[in-house]
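A.B. asks: Sequence:
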Amino acid sequence: MDRAARRPADPLPLTPDGGVGPQADLDELARRGRLLVVDTVAHSGAGHIGGPLSAMDLLVALYFGVLRIRPDEPDWPDRDRFILSKGHSAIGLYVVMALRGYFPVAELASFDTGDSRLQGHPDMTRLPGLEASTGSLGQGLAVGLGIALGARMRGLGVHTFVMLGDGETQEGMVWESVMVAAKYGLGNLTAIVDCNGLQQYGWPPAPGDEGRGDRRDPLAGARLRDALEAFGWRVLEVDGHDVEAIVAACADARGAAAGSQPTAILARTVKGRGLSFTEGRFEWHARVATAHEVAAARLELGFEHPGEAGP
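For reference, each letter of the sequence shown is one residue, going 1 to 311 in my numbering.
Hints listed in this document are in silico derivations from the structure and should not be mistaken for laboratory results. From the three backbone atoms N, C-alpha and C, an ideal C-beta is built for every residue, glycine too. Please note: incorrect hints may appear among the correct ones.
If you anchor each label on the Cβ, the simulated ranges turn out as follows [unchecked claim]:
(1) Arg126 x Trp175: 23 to 33 Å
(2) Asp226 x Gly114: 40 to 50 Å
(3) Glu176 x Glu237: 18 to 28 Å
(4) Gly280 x Pro77: 41 to 51 Å
(5) Lys183 x Thr290: 44 to 54 Å
(6) Ala227 x Ser136: 18 to 28 Å
(7) Trp76 x Asp25: 21 to 31 Å
(8) Glu244 x His292: 27 to 37 Å
(9) Gly232 x Gly146: 15 to 25 Å
Using the sequences and the hints given, assemble the complete structure.
C.D. replies: In structure tokens, the structure reads:
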């Protein structure tokens, strides 16, 4: 079935290519984005659900309320830079980029196919508008650090934002970047941590233990704020599902003076946010919804025509 033909009835002001107009409500955008994530993954038969849903409000806030970008000119030199370090949540990024006008919404139907620009993890060699190819966790902040340092050396007034998962902060390379960014006083760098407190596997079980280990983020009990501040970062905390608060926190971070501290925004989120059967369940980290579940998602999110759902 043609994907555009079974798109839900749309309450948003659509542009001719399926994107949305500038007057669209951000919460409404996030609601539609969540359905597109579930629907697209079901259509492709592969992808992630839990992380993209926890990050949806953050991505909408960034692309519609924070980033200085030109979707019709993705290489505009003065654009802000955004890197999705948690690359397995690529479908969430693609959905928001499509809504913002980087490419037609109908192109989401090609997600994760061999010749698509929308690979399972972001590939900057295929899709204009991506600043980095990501997937191996822990590397995105280092790339953002280099971009921010280079921008300052060239006198560019751009700001670099990097989104990480909280589980990703277990990677040592993250902390090397945290240390170096503070050393160089990169006030033009902001790390946003999607703190949903849940991951697919967690720590491996100790010898003799049964099961597959504890899926809770093993650093959930650690004081991430204290650790970042100890390295010299400024830290803000925000409800990661409050779009207005996210925009305000990002504006605060952008206001940091050159040569000052980098900023980390700890966004408290719920994995699988938005659907009763996905919220807080690690099983939905990378599960594909059935036709029945897609229909249920459509109803829960307030869209009509459940009969149009399903792959």
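A.B. asks: State the violated hints by number, sorted upward, taking the hints as numbered earlier in the document.
C.D. replies: Checked against the structure, no hint fails, so every one of them is satisfied.
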